[in-house]
Amino acid sequence: MKYKSGLLASKIFIFSFLALLSFIILVPFVYLFTSSLKTSAQYFKIPIEWIPSPALWSNYSYVFVELKFYIYMWNSTFLAVSSVVLSVLSSSLIAYGFARFKFPLRNGMFILVIATMMLPGQVTMLPLFIYFKSIGWLGSYKPLLVPQLFGSAYLIFLIRQFYITLPREIDEAAKIDGCGYLRIWWNVIMPQAKPVLIVSALFVFLGSWKDVFGPLIYLSDRSSYPLAVGLLYFTSPTSNAYTLILVAIVIALVPTLLFFIFSQKYLNKGVNIANLK
Numbered sequence: 030m031k032y033k034s035g036l037l038a039s040k041i042f043i044f045s046f047l048a049l050l051s052f053i054i055l056v057p058f059v060y061l062f063t064s065s066l067k068t069s070a071q072y073f074k075i076p077i078e079w080i081p082s083p084a085l086w087s088n089y090s091y092v093f094v095e096l097k098f099y100i101y102m103w104n105s106t107f108l109a110v111s112s113v114v115l116s117v118l119s120s121s122l123i124a125y126g127f128a129r130f131k132f133p134l135r136n137g138m139f140i141l142v143i144a145t146m147m148l149p150g151q152v153t154m155l156p157l158f159i160y161f162k163s164i165g166w167l168g169s170y171k172p173l174l175v176p177q178l179f180g181s182a183y184l185i186f187l188i189r190q191f192y193i194t195l196p197r198e199i200d201e202a203a204k205i206d207g208c209g210y211l212r213i214w215w216n217v218i219m220p221q222a223k224p225v226l227i228v229s230a231l232f233v234f235l236g237s238w239k240d241v242f243g244p245l246i247y248l249s250d251r252s253s254y255p256l257a258v259g260l261l262y263f264t265s266p267t268s269n270a271y272t273l274i275l276v277a278i279v280i281a282l283v284p285t286l287l288f289f290i291f292s293q294k295y296l297n298k299g300v301n302i303a304n305l306k
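All the letters of the sequence shown, read from the start, carry residue numbers 30 to 306 under this note's numbering.
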């Protein structure tokens, strides 16, 4: 009886703690959203008005249409989706080579790829900038997208760790059916690796969506800026400047939240992939 009482008490404590933690995490988001529907006077009002009356939904249409925030939104979407496609496909193909083929210096090359993860971006920033400038790529999306074709060291490691857990018998069966190596990778291995590929896509999407450093260095035209950089230059000539900035932040957050929500079940499957042998 005492054991059951103690178990019940521990469950109540854990539930209460998680509920409190969730409340603490959600409050800033609720405040952010409700404040985006206010006027400047309501925003600075003390005590805080959690539910604005009236709610200015027109703030969103003004930011999105009148201030042409949709341009930043499109640029971010284009960069993020393109980065996901290029990086995940290239990393998956490279990981397939490391996981399925035996060739001289394979382990050494893999270690070299992993070692590049220890290089901070600041180390390669200047050489890359000089190189891209010399070939005339500055001011375009090429410096942000072309490197994705060579894969990501972290994704190569992550996907390879998953590939080596797949039985080689599926490769042999596909070869008997007349499949070549690329077809095996595309039609056999890739469908089996859906959880790790979606996790990889999430990492790349979030990294591209919130990237400020790269676009700020390589892009010069404000019309080509993504959301993260556009927020730095976001100003408004109206009295609602503060609340309109909050509107812009909400707009920037929504796609990442939706992407995370719809891919959460795959995140649960792929969270321990890096620990696989």
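Certain hints may be false.
[To be verified] Think about it this way: if two alpha-carbon atoms lie no more than 27 Å apart in a straight line, the pair counts; the simulated DSS-like pairs of lysine-lysine are: (1) LYS223 with LYS97; (2) LYS171 with LYS239; (3) LYS223 with LYS239.
If you're looking for bench data, these hints aren't it; they were derived computationally from the structure.
Hint by hint, here is what the structure shows:
{"no.": "1", "hint": "LYS223 with LYS97", "result": "violated, 36 Å"}
{"no.": "2", "hint": "LYS171 with LYS239", "result": "holds, 18 Å"}
{"no.": "3", "hint": "LYS223 with LYS239", "result": "holds, 24 Å"}
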